[in-house]
Structure formats: C-alpha cells, structure tokens
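> Dock chain R against chain H, hints included.
If you read the sequences in order, they're chains H and R. The first sequence: position 123 = 123 (the working numbering), numbered continuously. The second sequence: position 104 = 104 (the working numbering), numbered continuously.
Simulated from the structure, these hints should not be mistaken for lab results. One thing to keep in mind: the hints can contain errors.
Put simply, identical chains are the same to the list, so a pair is met inside one copy or across any two.
Below, simulated SDA-like cross-link-like pairs (lysine to any residue); rule was C-alpha separation at most 25 Å, straight line [unchecked claim]: (1) Lys-287 / Ala-10; (2) Lys-318 / Gly-152; (3) Lys-318 / His-229; (4) Lys-57 / Ala-8; (5) Lys-287 / Val-72; (6) Lys-287 / Val-264; (7) Lys-287 / Ile-255; (8) Lys-57 / Asn-86; (9) Lys-287 / Asp-256; (10) Lys-287 / Glu-75; (11) Lys-318 / His-69; (12) Lys-66 / Gly-23; (13) Lys-287 / Arg-74; (14) Lys-287 / Glu-155; (15) Lys-287 / Ala-145; (16) Lys-287 / Val-73; (17) Lys-190 / Ala-61; (18) Lys-287 / Arg-252; (19) Lys-287 / Gln-253; (20) Lys-287 / Val-324.
The structure displayed is predicted, hence computed values, not measured ones.
There are 2 protein chains.
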Amino acid sequence: MNEHSIPAAAAHRFIRAAFESQGFDTSTADTLAALMVEADLYGSDGHGIIRLPQYIKRIRAGGINKEPHIRVVREHVSTALVDGDNGMGHLVVSFATTLAMRKARQSGMAWVNTRMSNHAGPASLYVRRVVTEGLICLYFAVGNANHLAPWGGTELMLSTNPIAVGLPTRDEPPVILDMATAMAAYGKVKAKAKRGEMMPPGWMIDRQGQPILDPARSAEGLLLPIGGHKGYGLALVVGFLAGTLGGAAMGRQVIDFNADHTSVTNTGQTVAVIDPAAFGDAEEFRKSADTVVRDIRSSERLPGVDRIWLPGEQSFEKHARYAVAGFPLSQGLLDELNALAQEIGIAPLAELAAA
Amino acid sequence: MNEHSIPAAAAHRFIRAAFESQGFDTSTADTLAALMVEADLYGSDGHGIIRLPQYIKRIRAGGINKEPHIRVVREHVSTALVDGDNGMGHLVVSFATTLAMRKARQSGMAWVNTRMSNHAGPASLYVRRVVTEGLICLYFAVGNANHLAPWGGTELMLSTNPIAVGLPTRDEPPVILDMATAMAAYGKVKAKAKRGEMMPPGWMIDRQGQPILDPARSAEGLLLPIGGHKGYGLALVVGFLAGTLGGAAMGRQVIDFNADHTSVTNTGQTVAVIDPAAFGDAEEFRKSADTVVRDIRSSERLPGVDRIWLPGEQSFEKHARYAVAGFPLSQGLLDELNALAQEIGIAPLAELAAA
Numbered sequence: 001m002n003e004h005s006i007p008a009a010a011a012h013r014f015i016r017a018a019f020e021s022q023g024f025d026t027s028t029a030d031t032l033a034a035l036m037v038e039a040d041l042y043g044s045d046g047h048g049i050i051r052l053p054q055y056i057k058r059i060r061a062g063g064i065n066k067e068p069h070i071r072v073v074r075e076h077v078s079t080a081l082v083d084g085d086n087g088m089g090h091l092v093v094s095f096a097t098t099l100a101m102r103k104a105r106q107s108g109m110a111w112v113n114t115r116m117s118n119h120a121g122p123a124s125l126y127v128r129r130v131v132t133e134g135l136i137c138l139y140f141a142v143g144n145a146n147h148l149a150p151w152g153g154t155e156l157m158l159s160t161n162p163i164a165v166g167l168p169t170r171d172e173p174p175v176i177l178d179m180a181t182a183m184a185a186y187g188k189v190k191a192k193a194k195r196g197e198m199m200p201p202g203w204m205i206d207r208q209g210q211p212i213l214d215p216a217r218s219a220e221g222l223l224l225p226i227g228g229h230k231g232y233g234l235a236l237v238v239g240f241l242a243g244t245l246g247g248a249a250m251g252r253q254v255i256d257f258n259a260d261h262t263s264v265t266n267t268g269q270t271v272a273v274i275d276p277a278a279f280g281d282a283e284e285f286r287k288s289a290d291t292v293v294r295d296i297r298s299s300e301r302l303p304g305v306d307r308i309w310l311p312g313e314q315s316f317e318k319h320a321r322y323a324v325a326g327f328p329l330s331q332g333l334l335d336e337l338n339a340l341a342q343e344i345g346i347a348p349l350a351e352l353a354a355a
Numbered sequence: 001m002n003e004h005s006i007p008a009a010a011a012h013r014f015i016r017a018a019f020e021s022q023g024f025d026t027s028t029a030d031t032l033a034a035l036m037v038e039a040d041l042y043g044s045d046g047h048g049i050i051r052l053p054q055y056i057k058r059i060r061a062g063g064i065n066k067e068p069h070i071r072v073v074r075e076h077v078s079t080a081l082v083d084g085d086n087g088m089g090h091l092v093v094s095f096a097t098t099l100a101m102r103k104a105r106q107s108g109m110a111w112v113n114t115r116m117s118n119h120a121g122p123a124s125l126y127v128r129r130v131v132t133e134g135l136i137c138l139y140f141a142v143g144n145a146n147h148l149a150p151w152g153g154t155e156l157m158l159s160t161n162p163i164a165v166g167l168p169t170r171d172e173p174p175v176i177l178d179m180a181t182a183m184a185a186y187g188k189v190k191a192k193a194k195r196g197e198m199m200p201p202g203w204m205i206d207r208q209g210q211p212i213l214d215p216a217r218s219a220e221g222l223l224l225p226i227g228g229h230k231g232y233g234l235a236l237v238v239g240f241l242a243g244t245l246g247g248a249a250m251g252r253q254v255i256d257f258n259a260d261h262t263s264v265t266n267t268g269q270t271v272a273v274i275d276p277a278a279f280g281d282a283e284e285f286r287k288s289a290d291t292v293v294r295d296i297r298s299s300e301r302l303p304g305v306d307r308i309w310l311p312g313e314q315s316f317e318k319h320a321r322y323a324v325a326g327f328p329l330s331q332g333l334l335d336e337l338n339a340l341a342q343e344i345g346i347a348p349l350a351e352l353a354a355a
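Extracted from the complex, chain H is given alone in its bound form (with noise of 0.2 Å):
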C-alpha cells in the first residue's frame, strides 16, 4: 500500500483552502487549519486531515454555523459553561480552554463545560496548550457517534467517551493522556478501514457477540470498553459530566455524525485545569514529575520489550520526525482528498505537497 508524507504546511495551506471556499474568514480557517495539522503531526491520524470530508460535507448541509456567538451563558468563581452557537468544536473548546486557564489561575483550578459544540478534533491538541502553560489539565468529551453498548447490552447508547490528562514537567515530555474509553476508539477504526487493514480482536463484537475483524463491517457492531463493565462505567460517567452536566447531548440524544450531516449536535465538552502553583511550588511539582518519568522510564522490562513508554511520548516523538520529514497519509485518503478538492474547486493536496 502506498503511503505519502505530507508536509504541515502543505496540509495546513490544503485545509485552510477546504474552509475558505465554504466561507469561512481566513483567520478562522487558518485555526482549524493549525488544529487539525497539529493532531496529524502528534500521530493522531483518526482526528486530524482524516476529518475534513466529513466536516466538510456538514458544512456544505448546513450542519454548522460558520460566524458562530461563542459566548460564556453561566459562570461562577471556578466554572462556566460555554455555548459554542452550533459552530466547529475546534472553536468552541479552544475558546474554553483559554477560559478555563484564565479562571485556574485566579482560583487555584477551574471547570469549563461546553453546550452547542460540535467534533474538535484530538483532546490532546487543548490538553497540550494547557500544559505548555505549566498547568494540569483533565479533559472530557462525549463522542460524536454512539459506538458502546451498555455492559451486558446491545444497543448503541455511549460514545467512546475519551478521557484525557496532562502533567506538565521539566526536562522530560510532558506527560500527556489521551485515551478513548473503548479499547479502541472509532477514529482508529476509521484509519484502519482507510488503511484497508484488519482490527485486533478485543475491538468490536457484532450484536450476537462475535468478534468483528473487518472495519468495513464496523457499522454493524458494538466497540467493547476497556475491562469489562468498567469502561463501560466510565464512558458512562464521562458522558454525565461533559453532556449532561452543560445541558449537551447525551445517550439517546447524541447525533451520529457519520450519518447525518444536518441536525445540530449540541457536543460537549469539559476543559478542567488546574494551577500547580495552588498546592506548592511549581517548579517542585515539575520537578518531582521529571522523576516519576524517569523511574518509571528505566524500571525493569520484560524480556522482548526495548523501552518503556509514557503517556504522550510516542506522540512527542512523532511531531520530532513528521514536523521536519512530514506525516504519513494513505493514497487511499489522498485520493479522497483530492476528490473533495475537485468537488469544492481547490488545488489538490498533491500538487501542494510537490511545490
């Protein structure tokens, strides 16, 4: 199989190009850009380019308001609760975390819900602005999709419900989790099917609880939570706080994106973070992060395994190779790409890349 590598400024000129000719001013076109270049560069590739199809297909069905009124419509000492006016999530939570920083740094922590959101892409991309700022940051959302079935179910009532958090450190990386609540999330299987690859069993199970191999199958089954009953519990929980919480879908409210392009979503999303500063020193909280890494990082392995990871290096490794030597994309993507091009009349990704 083909694999091109796509510079970022190819990429971010490609995307910035897609939401200009749907109307979109060129500033904000240029965020969504940078956002969703950054989640490629960072190898999350079920959430970066991957996406604009689809958003661009929403866009043009009128799915999402283009000159959103994001706006703060509750707020208390160490909360608020945005409303993002139906406009791309990308907007919406980046508009909360900068909230959510201004608030911990004033209080000590502070927890800012999102309503009337939509997709925005990794957590990863906010969590890592919050913790290039020193600070710590808890990160929930519901999904776009329902994908889970309840523990012991059938039906489609959860998203994958990711969970993320980073920890700001010294020297090392910072300590970055991003994680859906299934064992795998449904970008991943996305990718997958792209890739024309076969998924691990563990992924998904059809309604009579069969393995699914296939991600071409993936419409027809059920993603399984990460240990049991469990995972089922925090996708669950994760779906209160980041939608019910605000007032945004939840369960049998949530749209699914994939198939319908026009109904509001009413996303939400949790952007919490907190100011070390509040419970000590700073630099020593930094400084005791490094050495928790490093223990970690050097404790013994088992035989076979080369290194011990943490959460977000790999990720902080990838952004080192694909920033310079840009990011793997598929030719079966880049065909899709360049179809979409032709379709909304701008220049295909591959003469970019070339240039």
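Same frame as chain H, now just chain R:
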C-alpha cells in the same frame, strides 16, 4: 465454605471496641467504625472490616498517629491541600470531603488534595456522602502498595490507583462508579484469598507473563491494568493528581503497607466536588440524569442477560439487603477477627453477633 451474616450494629460495636482498645477516643472510634461498616454494607468487602487486623497491626506498631492535627496547609479560592498528620485515612478524607463541599458551594467547584493521609477504605464512602448532598464528586487516590508494572515492565511502580465518580439523581439510585484501574483491585484479591477462591484469568500475571490464578501467590505477581496501556496510563495520571500534586507518595516512594507497618505512608487522595447549580438548574440536572439512567436500564440486552446495571446500583441493592439481614463474612475472616479480639482484649465478633 461457611458464611456468616453480620449485623451492622454488631460489627460497629466490634470495630469501635478495637479502636478504643488502642487508645482512640470513643467519638473517633465511632466515626471509623461507621465508615468501615458502611463499606461492608454496600458490598465493598475488600475495604471494610477485612482491613481491621491490618489497621490494628499498624496502630500497635506506631505507624499511625492516633491524635492527628488534620489541617489545611495551603488554600486558594477553589483548592486546598490538607495535611493528615499521619492519622487514619478515613478521618483525613472525611475532613477533605467536608471542605471540598463547602468550597464547591461557594465557587462552583473545588479540588482538595490530601497528603500525610493513610488508607481510607473505598472511595465510594466519600463520593456517596457528596452525592447525597446533591453535588457531583470525583475521587482519586494513590493506593497503599504497588501492584502494577508500567506497560511492558515487570517492576511494581504503580498502585491500582482508583477512580471514583458520583452523580446525583432524583428518583433513581445515584450513579456511583468506584473502580480500580487494574482489572481487579488488590482488595478483591485479598477477599478471594480469604474466601479460598481462585482468581479468573486476566487479573494477575507473574514476572514471566504467565497467568496467576491462586490469590495465595499474589505476592509474586503483577496486577493487570484495564485496557492494557490505557489502564497503565490511567493509574499513572491518577498517581500524579492524587499523589505528586500535593507532595504525597507516588511511584517508588509508595510504602507497601502490607509488609511495612511503621513507615509513614504519606498517602494522597483527591476529592473534587462540582455544584450542578453552577451549570444550570440543579433539579433539571437530576431529572436528566434519571432519564439517562432509565434509558440505559431499559435498552436492549444480549441474550441471557437479565438486567443492565448502572454503576453503584448493585451496591445500592446490597445495602438494602445487608442493612436488614447483615453482611456476609467468611468463616476464615471471622476466625481472624476473633483471634484479633483475643489479642487486644475485646469481646469476639461472634458473641456480639449472636446477642
């Protein structure tokens, strides 16, 4: 195997007498007994009366401060750091929970960490208290012995660091998730050992990666995290949040309180509380939570599944039964408790139960 039913009042008197025999004042002994019995009544059989012999051993060895000065050592608008002065963890976390609730009502949400605390029983004790007040609770803790290796490792660097989340409802039982980040908490392994039962595959492996099924061999093994690298990541970030952030033990600093009864454990816990009223009408939130609970409970089931449970619902039902009929206790544990009673000069549990 014989199983006894122990009335709550008998267990309460027994535990209170045990602490009083060690010089705890009656009020403190009462508080500890109430929390430990509540654990058993809700089915947390790995964290209730089963822990009494270990607690008493540590107290007799001088490893616990019987008259701690539990106090706030650092405070911001929505955060606090509580120093437990090496007191019983139940007292320290109760203090932190009260404080977090008060601060959350004042500023919308609050995040309180403990340090110099100790084992506090199941997270659900504190989460339930918060939820009863109509508030949302998140709880994280660093466990008191490392039973997990990093993913790919063999060295016990992490505990089964639990995550608990509680959500208030209106007419339904509250949603209370209380889970270890391992496939099974070590308390469950101990309970299996006490009952003379084997563990299912997937709970533990030895240092060659082979399954361990006999809980008597647990000291040789590693508990497995949920979802492989994901559970490792969760255990790690929980350790940072509940431990490192507040200057409590984490990683190599964690004392194995099963083997070492004198060293200060410097245990850390996090109690975070959110006031739903900061995000909208609190009554509406509870109604929405009820709707989600009912939708999930009534959703389609796999063949052979009688009922879909919400997190905490089985504990809720156990409590209804055990509060009336007593909670189950194995012959082995009863013998152990009565040997302890003889050792410390208090009346045996059997006699009290028969009274």
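> Check Lys-287 against Ala-145 for me: Cα-Cα at most 25 Å, and say if that holds within a copy, between copies, both or neither.
between (40 Å within a copy, 23 Å between copies)
> Evaluate Lys-287 and Ala-10 at a C-alpha cut-off of 25 Å and name the case that applies: within, between, both or neither.
neither (38 Å within a copy, 49 Å between copies)
> Treating 25 Å as the Cα threshold, decide for Lys-287 and Glu-75: within, between, both or neither.
between (34 Å within a copy, 22 Å between copies)
> Could you figure out if Lys-287 and Val-324 sit no more than 25 Å apart (CA to CA) within one copy, between two copies, both or neither?
Neither: 30 Å inside a copy, 52 Å across copies.
> Can you give me the call for Lys-318 and His-69, within, between, both or neither, at a CA distance of at most 25 Å?
Answer is neither: 36 Å inside a copy and 49 Å across each miss the 25 Å cutoff.
> When no copy is named, should Lys-287 and Asp-256 be tagged within, between, both, or neither for a Cα gap of at most 25 Å?
between (44 Å within a copy, 24 Å between copies)
> Since the copies are identical, ignore which copy is meant and state whether Lys-287 and Arg-252 lie within 25 Å (CA to CA) inside a copy, between copies, both or neither.
between (45 Å within a copy, 15 Å between copies)
> Could you figure out if Lys-57 and Ala-8 sit no more than 25 Å apart (CA to CA) within one copy, between two copies, both or neither?
The answer is within: 23 Å in one copy meets 25 Å, while 61 Å across copies does not.
> Go through the copies and call it for Lys-287 and Gln-253: within, between, both or neither, with a Cα cutoff of 25 Å.
Between copies, since 15 Å is at most 25 Å while 44 Å is not.
> State whether the alpha carbon distance between Lys-287 and Val-73 is at most 25 Å within one copy, between copies, both, or neither.
between (38 Å within a copy, 21 Å between copies)
> Is it within a copy, between copies, both, or neither that the alpha carbon of Lys-287 lies no farther than 25 Å from that of Val-72?
For Lys-287 and Val-72, the Cα distance is within 25 Å only across copies (24 Å; inside one copy 36 Å).
> Treating 25 Å as the Cα threshold, decide for Lys-190 and Ala-61: within, between, both or neither.
within (22 Å within a copy, 57 Å between copies)
Consistency with the previously given hints fails for numbers 1, 11, 20, ordered from lowest to highest.
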